[in-house]
Every structure is written in C-alpha cells, then in structure tokens.
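Make a model of the complete structure from these sequences and hints.
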Amino acid sequence: MEIIEQIRIVEALLFASEKPLSSIALADCLPEGSNIDQLLADLRQQYEMRGINLVEVAGKWMFQTAPDLAFLLRKEVEQERRLSRAAVETLAIISYHQPVTRAEVEEVRGVSLSKGILDTLMAAEWVRPMGRRRTPGRPVTYGTSDHFLVHFGLNSIKDLPGIAELKAAGFLENADTSRLNLLDNQKPTEEQPELPGSTGG
Amino acid sequence: MEIIEQIRIVEALLFASEKPLSSIALADCLPEGSNIDQLLADLRQQYEMRGINLVEVAGKWMFQTAPDLAFLLRKEVEQERRLSRAAVETLAIISYHQPVTRAEVEEVRGVSLSKGILDTLMAAEWVRPMGRRRTPGRPVTYGTSDHFLVHFGLNSIKDLPGIAELKAAGFLENADTSRLNLLDNQKPTEEQPELPGSTGG
Amino acid sequence: MINNETEQQSEFEDLPSVIDSPDEEENLILDIDGFEGPLDVLLTLARSQKVDLKQISILELVEQFLKFVDEAKVQKLEKAADYLVMAAWLAYLKSRLLLPEEDSEEEFSAEEMAARLTYQLQRLSAFREAAATLMSRNQLKRDVFARGMPEPVIVTRNARYELSLYELLKGYADHKTRKSIADIRIHKRDVYTLDQALERLRGLIGIAIDWTDLFQFLPDLIEGDEMLRSVKASIFTASLEMAREGKAEIIQKQTFGPLFIRKTDRDD
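Protein chains in written order, with this note's numbering: chain E, 1 to 201; chain W, 1 to 201; chain Z, 1 to 268.
I should point out that these hints are in silico values taken from the structure, not numbers from a laboratory.
Wrong hints could be hidden among the right ones.
Said to hold, decoys possible - On the chain E side, residues computed to face chain Z include the following (Cβ under 8 Å):
# : residue
1 : MET62
2 : TYR96
3 : ARG109
4 : PHE171
Backbone N, C-alpha and C fix where the C-beta goes; we use that ideal spot for every residue, glycine too.
See the structure below:
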C-alpha cells in the first residue's frame with residue numbers, strides 16, 4: 001500500500017474517532033510494516049498551517065482546531081437580565097444598612113436569603129464584602145461598591161434618600177396604595193414616575 | 001484578510017461541527033465581502049483526494065470520511081436494527097414519491113401498511129408529515145427530512161438515484177387510491193407544500 | 001425467487017418463502033406470511049416467467065396466482081382476504097381476456113385492465129430497485145463518518161443586570177411598607193353590629209314614652225369592656241341613623257352629658 005493511502009487511512013481514523021488514538025491503535029488498522037510514526041509526522045506537517053492541526057496529547061493523537069482560530073468557537077453573548085424582587089430588596093437593604101451581615105439582611109427581610117442572590121449582586125459588581133463583624137463567628141459584612149455609586153449616579157452612599165424623604169417623594173404611599181389596591185382586587189398601580197437621571201444604564 | 005486565512009476559518013468551523021453548516025452560517029464568521037462559494041469550492045478540491053472529504057448534503061456542508069475507506073471504518077455494531085423489507089420499500093416510495101399519502105404508499109405496494117412502519121421511519125427522523133392533501137378526508141402527506149438527505153449523502157431529493165427514470169416511466173404520477181383500477185391521473189393540489197431542504201436548521 | 005428455505009420469520013427479516021411439505025412433496029405449501037401482499041406474490045410469479053416485465057403473459061400469471069391461492073394454506077382469514085379479492089379480480093380479468101370484447105362505455109377493456117396490472121407490477125419492481133439502490137448508498141454512521149470529536153461552540157453568556165435608582169428605592173420602600181403592614185396585627189373582634197343596634201332600638205323606642213337615656217336601651221348582658229364599647233358605639237350610631245330617618249329625636253344638654261332619645265310624634 002502506498003504511503004499516501006496509509007496517510008488517508010490514519011487521517012480518516014483520527015477524524016472519525018470519538019477519542020484520541022494511540023499510534024499502536026492506528027497501526028492496527030494499517031498493513032504490517034507500516035511506519036506509523038513517520039505517517040503521523042507527515043500528517044502533522046500537512047496540517048501544520050491549516051485551520052485544524054494534528055496534535056499529540058498524552059501520547060495519543062487527535063485533530064484540533066488551530067489555536068489561533070479557537071476564538072471562532074467561543075461566542076460571548078450579552079444578556080440583559082432583570083433582578084428578582086428579592087434581589088432588589090436585598091440590594092436596597094445592603095445599601096441602606098451597610099456594613100451588614102447576611103444574617104442581618106435575613107432578619108430585616110424576615111426571610112432567609114436564597115442562594116445565589118448575593119452571588120448575583122456581587123457578579124453585577126454592586127455588592128462587595130467589606131470586612132468581618134467582631135461578633136462570634138466573625139461573619140462577613142457586605143456593602144456597596146464604587147460601581148454601585150457610579151451605576152446609580154450617586155456621589156456617596158449618604159446621598160440615598162432617607163425614609164422621610166422617600167415618604168415625601170411618595171414612594172411609601174405609592175407602595176401602600178398599590179398594596180391596598182391589590183387587596184381590594186383592583187388594578188394595581190403600575191405607574192412608574194420617571195425620576196430625573198434614573199433611566200439608562 | 002487573505003484567501004488562505006479565510007479558507008482556514010471555513011475549514012476550522014466545518015471541522016469543529018458534526019452537523020452540516022450552511023454557507024450562510026459560515027459566511028457570518030467571515031469578513032464582509034468574502035466569496036464563501038469560492039472558498040467552499042477551493043476547500044472541497046483541497047480535500048478531494050484526502051481521507052476526509054468536504055461534501056454538500058441537504059444544501060449544507062460537512063466533512064466526512066472518504067467513502068472508499070468505509071471498509072476500515074464500518075461499524076459492525078449498527079445502532080439501528082436492519083429495517084424490514086416493508087420499511088425499506090415504504091421509505092423508498094415516500095422519498096421518491098413525496099409528498100405521498102399513506103393510501104398511496106399502500107396502493108403502490110398493493111398491501112396495507114402495517115402498524116409501526118411509519119413510526120419507525122419517523123423515529124429514525126427520515127420521514128416527516130408534510131401537510132395535507134386537498135382531497136376528501138384531507139389525508140396527511142409524508143416526505144423525507146433533511147436528516148434523511150444527510151444520512152444518505154444527498155444534496156436534495158432531486159439527487160435520488162434513478163429518480164429521472166422512475167419519473168420518465170410514469171411511476172411517480174399520483175397513485176390511484178383504488179387498487180387495480182384505471183382512474184384519471186389528476187394530481188390533487190397539496191396544502192402547505194413544504195419542500196425538502198426548505199426548513200432551516 | 002421461490003426457494004425452499006424455511007427462514008426464521010422475524011419482524012425485520014421477512015423473505016418470501018415457499019415451504020416444502022415433507023408429506024406431499026409434489027404439492028408446494030405456499031406461505032402467505034412470507035409475502036408482502038398479493039401484488040408481491042404476483043411480482044414474484046411474474047419474475048418466475050423469466051421474461052421482461054413488459055412481456056409477461058397475464059393469462060399465465062392469472063393461472064399461476066389462482067393456483068397459488070388454491071394451494072396456499074390460508075389460516076388467517078383477514079390476511080387471506082386481500083388474496084381472495086385479487087383472485088376474484090384476476091378470475092374476472094381472465095374471463096374478460098378469453099371472451100370476445102364487448103363494446104362497453106363504462107368499463108375498461110380487458111387490455112386496459114391487463115396493462116394496468118402490468119404497470120403496477122413494473123412500478124412495484126421499480127420502487128424495489130430504487131429502495132435497494134438507496135440502501136446501498138454510503139450511509140452516515142455506517143459507511144461514512146462525521147467528526148468523532150466535534151468541538152462545540154462554547155457560548156458565554158455575560159449577564160448584564162439593569163436596575164434604575166428608582167427601582168432600587170421602590171424596592172426599599174416596598175420592603176418598608178410590607179414590613180409595617182406585617183407588624184400590624186388586627187385581631188378579629190366580637191362586635192355588636194349597627195344592624196343589631198338598629199333592630200334593638202327600633203323595637204324598644206316605642207316603649208319609651210318620653211326622653212330616655214340612650215344607654216337605657218343597651219342590652220342587659222354584655223361581656224367584656226370591648227364588647228361594651230362596641231355596643232355603645234353601635235347604639236349611638238343607630239340613634240343617629242333613626243334621627244336622620246326622622247323617626248327619633250336626640251338631645252344632649254351638656255358636653256359629655258347623657259344623650260336622651262325619644263320617638264318623634266310625626267310618625268303617629
């Protein structure tokens with residue numbers, strides 16, 4: 001059998017295989033006396049400049065996308081997501097009560113913090129660990145990040161309106177009536193008065 | 001970007017996928033103005049004599065092992081059981097005669113279609129319902145899927161071996177619904193004619 | 001095509017077979033189970049004529065088929081029905097072929113019927129060949145193979161969270177509101193309803209001849225201070241209601257002094 005034919009066989013075997021193949025396994029499919037190492041060396045060279053390369057991994061051989069083209073196989077997708085109500089509330093509590101421990105957030109909210117909420121807030125780079133409380137167990141305290149201030153257009157965390165200001169701005173009333181309306185089984189108020197500078201990321 | 005670099009990208013993309021890719025999908029990964037058809041033609045030629053070939057199936061492109069090496073690679077353990085003679089015949093009638101109703105398949109074979117044959121062919125994803133015939137009872141018509149084309153290495157239904165001869169002999173004319181009676185060969189119109197290969201993937 | 005093999009019949013491998021009877025070797029026992037219907041039998045028989053399908057002798061074929069059905073050991077009637085219908089049709093065709101053709105506008109001529117049968121046999125034969133050609137093609141995962149180790153495209157989803165300051169503040173306010181609502185516990189209380197009070201007052205006011213202290217009309221047995229307050233409130237409201245209706249007059253002589261009520265005379 002000609003060398004070129006033997007190379008074709010090695011090529012096809014490596015292509016179709018579901019796992020890397022050893023030179024011994026490949027030699028089993030070739031006529032006796034074939035120089036498998038030479039064949040593999042030739043094949044590697046033939047593919048050297050191509051979009052796929054023949055590589056040796058842990059003593060076995062496989063085809064692989066050329067490293068400089070690996071970017072083709074990676075796609076980054078930006079997804080806009082909405083925070084859950086629980087996450088928004090947690091973020092609000094952390095921003096108003098910081099530094100605050102996880103247990104304290106749970107106490108304030110009256111429910112245990114479901115897994116992933118803190119992760120989400122930290123992934124969004126709004127919340128960061130701040131230190132440890134000097135109490136038994138030395139729990140981690142959380143607070144908001146600079147990114148949080150930038151995102152919400154605040155100069156400092158003190159710029160967050162207090163309860164009285166929230167009430168004056170109609171937030172609490174709004175919440176109240178919407179709740180009462182819900183209880184009365186009426187249309188809940190969905191209006192979202194736009195605050196200056198609150199729109200846009 | 002140089003042509004050779006564009007070919008490398010197409011090569012890498014096709015090599016990385018186990019499913020056929022459309023030229024449109026490939027072009028999406030190339031710089032604007034690239035001549036994807038030319039690149040594919042070049043790539044096909046480059047692989048013509050190799051152990052792996054670039055083939056066009058169901059209007060898409062994929063690499064697969066060279067057919068002449070089947071003797072080496074043929075899997076003795078066939079995952080699909082051998083199809084019954086009835087199933088093979090039914091598949092042939094459906095693929096050559098599509099869209100075709102169950103009654104028409106029965107008419108050609110001169111025997112009623114036993115339960116499970118259509119199921120088997122549909123489970124193999126070779127056959128799919130295509131629409132309804134505009135005749136009394138609005139019977140479902142069947143045809144083949146893209147998966148069928150890929151499996152049998154066909155670019156389109158028109159490439160079925162011997163289909164021209166069958167057509168010339170008048171065997172692809174609408175089968176009569178009553179056996180052994182010469183009725184007028186009016187071809188009823190099809191509702192929602194879905195041509196094979198027209199479904200995106 | 002006709003052979004003596006006694007193949008194990010399975011769902012996936014059914015070959016037409018004609019079985020030799022060990023007792024009567026001259027009589028072939030034909031196995032209908034091995035065939036895919038009467039047309040399949042006809043095609044097999046036609047092939048045994050060893051001529052081009054276009055030149056088969058229909059008369060001979062009819063004879064062959066009738067003989068086949070006659071000799072076949074038919075056990076399942078529903079399976080045999082197809083064969084019997086075909087036999088009847090072929091017998092009819094035979095008679096038509098043998099008798100001189102009569103002019104008939106309604107029916108097809110015997111030649112047309114024979115041509116139709118030939119066409120059907122040719123068509124079935126053609127599809128069988130097509131099927132064989134199709135199956136002999138290189139099939140994916142049998143003869144040719146796709147990449148064994150495909151490299152999937154890894155999609156990284158970067159989540160970008162969108163939240164406005166308004167939503168943040170609203171979240172906090174909602175939390176505060178819910179919290180304050182949650183802290184109020186309103187227990188269900190026993191109350192003396194206005195309706196009860198009205199009923200009692202309307203009933204009793206007739207007895208009162210002159211100005212009477214409103215609280216004279218309170219029910220006798222009242223349990224607890226809360227209930228007493230409820231009763232007083234309801235009776236008072238009831239008195240106002242009756243005054244509004246013009247059925248009673250109320251007078252209070254000094255601030256925080258007792259309330260006196262009497263029935264109006266106008267009613268009388």
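Which numbered hints does this structure break?
none
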